[in-house]
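Asker: Listed here are the chains, written in short residue letters.
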Amino acid sequence: MILVIAEQRDGKLNRATWETIAAAQQLAGGMPIKVAVLGASTASVAQEIASAAVAEVLVTDSAALEPYTPDAYASASRSLIESASPTYVLLPHTYQTRDFAPLLAARLRKPLVTDVTAISGNGADAAFVRPMFQGKLAAQVKPVGGPPAIVTTQIGAFRADAAQKGGSASVSKIDLTIDPATVRQKPEAPFREAKQAVDLGQAERIVAVGRGIKSQENIPLAEKLAKAMDAEVAASRPICDNGWLPMERQIGSSGQTVAPKLYVALGISGAIQHLVGMKGSRTIVAINKDAEAPIFEVADYGIVGDLFEIAPAIITELEKS
Amino acid sequence: MKIAVCIKQVPTREWQPRLNDSKTWIREQDVSYEMNEPDAYALEEALRLREKHSGEVVVCSAGPARVQAVIREALARGADRAIHVEHDSLGAADAFVVAEALAAAMKDEKFDLVLTGLQSDDQGHGQTGVILAERLGIPSSTIIMDVQIEGSALRVKRELEGGWFQWIAMPLPALLTIQSGINQLRYATLKGIMAAKKKEIRKAALPDGLQAAQQIVGLAVPTRSKQTHMIDGSAAEAAKELVRRLREEARAL
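Taken in sequence, the protein lines are chains A and B. Following the working numbering, the numbering of the first sequence begins with 8 at its first residue and continues without gaps. Following the working numbering, the numbering of the second sequence begins with -6 at its first residue and continues without gaps.
Simulated from the structure, these hints should not be mistaken for lab results. Mixed in with the good hints there might be a few duds.
With a cut-off of at most 20 Å between alpha-carbon atoms, the simulated EDC-like pairs for lysine to aspartate or glutamate come out as follows [claimed, not checked]:
| id | chain 1 | residue 1 | chain 2 | residue 2 |
| --- | --- | --- | --- | --- |
| 1 | B | Lys150 | A | Asp78 |
| 2 | A | Lys193 | B | Asp105 |
| 3 | A | Lys221 | B | Glu7 |
| 4 | B | Lys233 | A | Asp237 |
| 5 | B | Lys233 | A | Glu326 |
| 6 | B | Lys191 | B | Glu49 |
| 7 | B | Lys(-5) | B | Asp101 |
| 8 | A | Lys221 | B | Glu27 |
| 9 | B | Lys45 | B | Glu143 |
| 10 | A | Lys296 | B | Glu234 |
| 11 | A | Lys193 | B | Asp139 |
| 12 | A | Lys296 | B | Glu230 |
| 13 | A | Lys41 | A | Asp182 |
| 14 | A | Lys296 | B | Asp225 |
| 15 | A | Lys268 | B | Glu242 |
| 16 | B | Lys150 | A | Glu200 |
| 17 | B | Lys233 | A | Glu316 |
| 18 | A | Lys193 | B | Glu143 |
| 19 | B | Lys150 | B | Asp139 |
| 20 | A | Lys268 | B | Glu234 |
| 21 | A | Lys221 | A | Asp313 |
| 22 | B | Lys219 | A | Glu304 |
Label pairs and their in silico Cβ distance ranges [to be verified]:
| id | chain 1 | residue 1 | chain 2 | residue 2 | range |
| --- | --- | --- | --- | --- | --- |
| 23 | A | Ala188 | B | Lys184 | 45 to 51 Å |
| 24 | B | Gln220 | A | Asn129 | 24 to 30 Å |
| 25 | B | Met223 | A | Lys327 | 20 to 26 Å |
| 26 | A | Arg289 | B | Ala229 | 23 to 29 Å |
| 27 | A | Asp313 | B | Asp81 | 35 to 41 Å |
| 28 | A | Ala169 | B | Lys103 | 46 to 52 Å |
Even glycine gets a Cβ: it sits at the ideal position worked out from N, Cα and C.
Construct the entire structure; sequences and hints are all you get.
Answerer: Next comes the structure, spelled out in structure tokens:
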């Protein structure tokens, strides 16, 4: 069987769980799928998941699992896995999963394959495709030393709406004992750094800059291009890390997720952390000196060349009419 | 306080991938290497913590002889000494093998704090730090953007998705995986480079019998999920054609 570990916070299901369920259904090849919901009050999330075509939804109700800590989640997942004996354990590749799944794998001494974008074959002999070298290469890997093999699915790689529904899975409560003394992290409430002054999610057009812009002195070039296109300026993570543009203009897994009508990636290579934040854009333009940059894989239009020549030429062209 | 920083040597960002004959790994003879970027931030954070709390910073790396280059660079930036688990097979090793190799070499040092980058820019498993913490028997927290230490109490700012953060308290010793951008990197000075030549690099052997948890059965340039229209010509020609297509074809302008 396949065990999917759902992700919820404050009783709200993380949508990426549906993508993972879709991946599990593709991988199953006849194996039954069970979905576990970890947390303290998980009834409504469990009901939502029970609409999927899966065999069973397992819920926990343990105060030690709220709020999330890696130690408690690893303990709970380990108990579930040891009693259910799955062939695979699937999770969405979220920041939370990245925090506790390696701990779980280390404790079980079982393989963990992260950030999976595709599955070839199904059943016990499947292989998993995952990016390597910043997305320049795709590796096909096989877990060694399972079962179970723990697999995390890249956000956006599997389609949530492809998850088969129509099930009326039974919901079973699982009793877990987690010794609070084994939970070493004491989390405080999540917070946002600053109110977001710009809501890039509302922008129709975005011009985003990356490392290719080279220095802070060149940011005005991107701003000028944005103005000519009637677009907002945004950036990939390194630009905001350097303080060249404010953090609130960062696109990607640690920043905002956008899907504008037009997204112009200026000197952005397209690390996966950036792509997840913008690949839903309707039209994507990539301008980069490196013809092999992964950004071209998601682009509708690509220009390989020097952005310091091409951006001014586009501005000139737009100003003509 | 005694701080360890684990660093990995990875291909440079400019490197164009070429595959070996069996298409299961890269052609290593073509590669130029650099320090994994998140690890550089972890090193910087360790140096800042040492400046504040005194103590020593020990750089730990598992890899072939070539990784000496990034170890020397870390020493030049200010780390006090280094531990190098040296073996040719470690260049392509997975997270389990690297973590076990580091754990064996680091165990007896009894570090107060271990820092790693959140993931490597080569294989990118994002697992080594957390597995290492478990093998050292210490708690971990990941994707960290601020580190505060008072006595034996540790408080860290963990990045969540979509611009959210969270403070987490934890006892020392502990392991943290550091997010890029936590600080501003320093570069080595000439004085630092000279001083690094005299600093100790302890060689450690790779323990026998470590098992990889996954096998790469194939490597390839990813297939395009989208039909990309590549626009050629001079800058002016390309700009003109792009603007035309954006207006007439995509109706995005």
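Asker: Look at each hint and say if it fits the structure.
Answerer: Do the hints match the structure? See the list:
no. : hint                            : in the structure
1   : Lys150/B x Asp78/A              : 17 Å, holds
2   : Lys193/A x Asp105/B             : 18 Å, holds
3   : Lys221/A x Glu7/B               : 14 Å, holds
4   : Lys233/B x Asp237/A             : 17 Å, holds
5   : Lys233/B x Glu326/A             : 11 Å, holds
6   : Lys191/B x Glu49/B              : 16 Å, holds
7   : Lys(-5)/B x Asp101/B            : 12 Å, holds
8   : Lys221/A x Glu27/B              : 18 Å, holds
9   : Lys45/B x Glu143/B              : 11 Å, holds
10  : Lys296/A x Glu234/B             : 18 Å, holds
11  : Lys193/A x Asp139/B             : 16 Å, holds
12  : Lys296/A x Glu230/B             : 16 Å, holds
13  : Lys41/A x Asp182/A              : 16 Å, holds
14  : Lys296/A x Asp225/B             : 12 Å, holds
15  : Lys268/A x Glu242/B             : 13 Å, holds
16  : Lys150/B x Glu200/A             : 11 Å, holds
17  : Lys233/B x Glu316/A             : 13 Å, holds
18  : Lys193/A x Glu143/B             : 15 Å, holds
19  : Lys150/B x Asp139/B             : 5 Å, holds
20  : Lys268/A x Glu234/B             : 19 Å, holds
21  : Lys221/A x Asp313/A             : 12 Å, holds
22  : Lys219/B x Glu304/A             : 6 Å, holds
23  : Ala188/A x Lys184/B: 45 to 51 Å : 48 Å, holds
24  : Gln220/B x Asn129/A: 24 to 30 Å : 28 Å, holds
25  : Met223/B x Lys327/A: 20 to 26 Å : 23 Å, holds
26  : Arg289/A x Ala229/B: 23 to 29 Å : 26 Å, holds
27  : Asp313/A x Asp81/B: 35 to 41 Å  : 40 Å, holds
28  : Ala169/A x Lys103/B: 46 to 52 Å : 50 Å, holds
Going down the numbered hints, you'll see the structure goes against none, and every one checks out.
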